[in-house]
Amino acid sequence: DTSSISLPLNIEIHGTAYAFACPHITDSLDALNYTTFYNFKIINRSTNNYHQTYLGFWDDADLGWYKDDFVGCNPSNNYGMIYNGDAFDGPAASTNTYGAKPPMNSTVVLNGPIAQPNDGIDNNNNGVIDEVGEKNLMTSFVYFNNDNDPTNGNPGIQSGGSSDDYYQYSSAHWKNGRPLTYGGNGTDTLASPTKFMFPGALDDTTSWNEGTSNNTPDDRRFVLGCGPFNLDAGQSVEFDLAQVFTRDTISTYTTGNLYEKNKADVRRVQQWFAVDSFPSCLDLYAGINEINNNQSSINIFPNPSSGMFTISSKNKISKIEVFNLLGEVIYTAMPDNNQSTININQFSKGIYFVRITDGSATSATNSNVINKKIVVQ
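Quick note on my numbering: the sequence shown kicks off at -12 and runs consecutively.
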């Protein structure tokens, strides 16, 4: 690495990016269509036991026009954000910009490594210190300038710094080793130390954010820190993030309104991830909407069951598909008769959906597809 010129750590990283495309989802759940997810598995392949370890997630978002951005964070909800410094993105008549009513994009830490026990730190920002199994989520937020300033400029050898810069930024310190401080640009040595720059709500004129600091929008970069934790030889940890994009082109634009809408989107994504149950991307029906003339001809019993279900129909069944809540097909059968038994007891307890194709239909229309909810208990 020509930026850090550091010795290899012998760390192996597996990265996965994924997203959902749900064209039929309701407006209240539409945040799922504008979110991308990232999972990193980090494995210590060395013979060294690493202590006081930090992960730093660097973001150079360039939200539309790159020279008019602000950044900030919401510590209690574990995310950092980038938004426009004014109500119009980019120079007038420019291309490849958002123009009026620009969006906001947040980087959310959803999952992180187990924190060091009894460290006296609220590592997951839930207001409780040192609870059992506490994880490191967003433990710091540092923004720096796209220049070679020796205090808060770009990190690394090529920018006139050192390999230590990356560790400093990931652990809420400036390149010179001094801690972040509250207020202004975070470098006042007489102010109180903090781990989060610009944590104030954008609709709060008394809190610390870029607007109340009278900053000039520019090319912003930031680092979400996660740590400290131990990474012993042979050990692995997982780190999950989401990028949540929010734009409202209908309502009156203010950064405060956009901030609240984005925060609501972030919380939905966090809840879906926490319970490992995302809105279905299938055009399925449940509850009272399930019952129509076609669906009343199908009987599934017992339901709930331990995973063994019998499906009977007045007409011949040509195809059975079972989906989990992520929209993944977990079972397929082509029975070609009026009754069939499916066995999904190897899957976890919970709600599933079964899509039954009625082979009596003469054309491939929606009328020959019946959707039912089943429960494995």
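It is possible that part of the hints are untrue.
Simulated crosslink set (BS3-like; lysine-lysine; CA at most 25 Å straight-line) [stated by the list, open to error]:
| # | residue 1 | residue 2 |
| --- | --- | --- |
| 1 | Lys301 | Lys360 |
| 2 | Lys54 | Lys248 |
| 3 | Lys360 | Lys336 |
| 4 | Lys336 | Lys359 |
| 5 | Lys248 | Lys303 |
| 6 | Lys28 | Lys88 |
| 7 | Lys306 | Lys248 |
| 8 | Lys301 | Lys359 |
| 9 | Lys122 | Lys250 |
| 10 | Lys54 | Lys28 |
| 11 | Lys250 | Lys306 |
| 12 | Lys303 | Lys359 |
| 13 | Lys88 | Lys336 |
| 14 | Lys248 | Lys88 |
| 15 | Lys88 | Lys54 |
No lab work stands behind these hints, which were simulated from the structure alone.
Inset, instruction - Quick one: which hint numbers does this structure break? Sort them smallest to largest. - result: Checked against the structure, the hints that fail are numbers 5, 6, 7, 10, 11 and 13, while the rest are satisfied.
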